[in-house]
Structures are given as C-alpha cells and as structure tokens.
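With chain D's structure known, arrange chain S on it following the hints.
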Amino acid sequence: DGGITQSPKYLFRKEGQNVTLSCEQNLNHDAMYWYRQDPGQGLRLIYYSQIVNDFQKGDIAEGYSVSREKKESFPLTVTSAQKNPTAFYLCASSIPGPRRRNEKLFFGSGTQLSVL
Amino acid sequence: AQSVTQLGSHVSVSEGALVLLRCNYSSSVPPYLFWYVQYPNQGLQLLLKYTTGATLVKGINGFEAEFKKSETSFHLTKPSAHMSDAAEYFCAVSDSAAGNKLTFGGGTRVLVKP
Chain D
1 DGGITQSPKY LFRKEGQNVT LSCEQNLNHD AMYWYRQDPG QGLRLIYYSQ
51 IVNDFQKGDI AEGYSVSREK KESFPLTVTS AQKNPTAFYL CASSIPGPRR
101 RNEKLFFGSG TQLSVL
Chain S
1 AQSVTQLGSH VSVSEGALVL LRCNYSSSVP PYLFWYVQYP NQGLQLLLKY
51 TTGATLVKGI NGFEAEFKKS ETSFHLTKPS AHMSDAAEYF CAVSDSAAGN
101 KLTFGGGTRV LVKP
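Going down the list, the protein sequences come from chains D and S.
End of the first sequence sits at 116 in our numbering; the numbers just go up one at a time, nothing left out.
End of the second sequence sits at 114 in our numbering; the numbers just go up one at a time, nothing left out.
Rather than coming from a laboratory, the hints here were simulated on the basis of the structure.
A couple of the hints might just be wrong.
The list that follows gives simulated cross-link-like pairs (lysine-lysine, DSSO-like), each with its CA atoms no further than 30 Å apart [what the hints assert, rightly or not]:
#1 S/Lys69 with S/Lys49
#2 D/Lys83 with D/Lys57
#3 D/Lys57 with S/Lys49
#4 D/Lys57 with D/Lys70
#5 S/Lys49 with S/Lys113
#6 S/Lys49 with S/Lys68
#7 D/Lys83 with D/Lys9
#8 S/Lys49 with D/Lys71
#9 S/Lys49 with D/Lys9
Negatives, chain D to chain S, calculated, CB over 10 Å [unchecked claim]:
#10 Phe12
#11 Asn18
#12 Leu43
#13 Ile60
#14 Glu62
For every residue, glycine included, the Cβ atom is placed at its ideal position computed from N, Cα and C.
Bound conformation, chain D alone (with noise of 0.2 Å):
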C-alpha cells in the first residue's frame, strides 16, 4: 500500500547527541514537510521541500537539518542545538498542483522524540 513511513517510533536522545528521525514515502509525492507538536501548540513547520535537492525553513527549524537527496526520502536530524527535542514529530507529503492550489497533505503515524 502507498503511504508515509516514519522510524522509529519511539527515539531517545542523549545530552549532546544528534538524532535522526526517518520518513519515507511511496507516493510520488513531490513535496515533503516536517512538523513538530507539542501539547497546546498544535503543529509547527520546521523544514519543508518542494522539490529533491532543495529544502526551505520553517518556522521552528533552529537545531534541526533536512536532506533531501531522493525524492521519497526527508530524513530530519535534531542536533545538540535544539535545547528542547522532546515532542512528536510528524512528517508529511503532498502533491503541489499546476497551479499551486493546495492539495491535502498526507501524514505520517509521527516519531515521539525524549531526551534521557
């Protein structure tokens, strides 16, 4: 079945440490996006790319790094910088239309990230 994998589902992170949470897709989606939520803040967008091999920041992306070297793949790092890593991690996937309407976008079953 097509949809959006993300691992692991639980990840715990030491001081100091960078983390890499994995997303996958078998969409053929061209545009991928990383979401943070914390209790009461709803969802913040911390890196989005519309197209492989190219990534824009989002609102929250200090501490955080994106690739997106194959289209089906945007694997987001939390690193050292990021003070407060706990919190679950969405990703998700669209498909951008001609004429740039807004399609729904398709989420993962989200990364619960805490730090030890």
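Leaving out everything else, chain S in the frame of chain D:
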C-alpha cells in the same frame, strides 16, 4: 502572516449530541482552510477543506464546516457524536501563494461520554 485560533483545548460531549469545534483565522489573502483529525498515536487525517465555491463543506465521518468570511471563522460540526469521534482536531489555514504550507491551530481534544 497567518494564524489560527481554536477556542477550547478540550471539549466533552455526550454520545448523540452535537459536536461544535470553533476555529477562527487571520489571513491577509483569501485563505484555504482545513480540518484534520488525529487519533491516538497516529498521524493526521484530512476531514474536509475549503478552497473556493460553496461555503458549507461536507467531509468524512459526517462532519461539516462552514466558511464565514465576515466572521473569519471555519467552525466544525457534527449533528450526532459517536464514540469513535474521540480524537484531537486541528484547524489549519494556508496561503495559496505559499503552496502547501499549513499553519495549524492549537488543537481541540474531543471526549465523547456514553
């Protein structure tokens, strides 16, 4: 800049009662508006969206929402709540010029009482 405000972080309804979740937005351009639902430990699923045309939008699972430009609102309703409607609901707005980037509200958790 766009923003979304969802009134009430928690809503409790009885099974069979009306579900009403409030969403107000601000946008400097004509908005695209969305409601998403999130079940425990899952990603988000699209309930419905407003782009252009009819202001009353029907979605999945019996939900509907009405876009009221004069009130900058996009409230979500369902006439009769079911136990399976217990979830967290997010309202979101997008600027068409920005493609698919969404700005989400803080979410409303719905509890359904038997």
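Now the hints, each set against the structure:
| no. | hint | in the structure |
| --- | --- | --- |
| 1 | S/Lys69 with S/Lys49 | 15 Å, holds |
| 2 | D/Lys83 with D/Lys57 | 18 Å, holds |
| 3 | D/Lys57 with S/Lys49 | 25 Å, holds |
| 4 | D/Lys57 with D/Lys70 | 18 Å, holds |
| 5 | S/Lys49 with S/Lys113 | 27 Å, holds |
| 6 | S/Lys49 with S/Lys68 | 13 Å, holds |
| 7 | D/Lys83 with D/Lys9 | 21 Å, holds |
| 8 | S/Lys49 with D/Lys71 | 26 Å, holds |
| 9 | S/Lys49 with D/Lys9 | 29 Å, holds |
| 10 | Phe12 | 17 Å, holds |
| 11 | Asn18 | 24 Å, holds |
| 12 | Leu43 | 4 Å, violated |
| 13 | Ile60 | 12 Å, holds |
| 14 | Glu62 | 18 Å, holds |
Consistency with the previously given hints fails for number 12 only.
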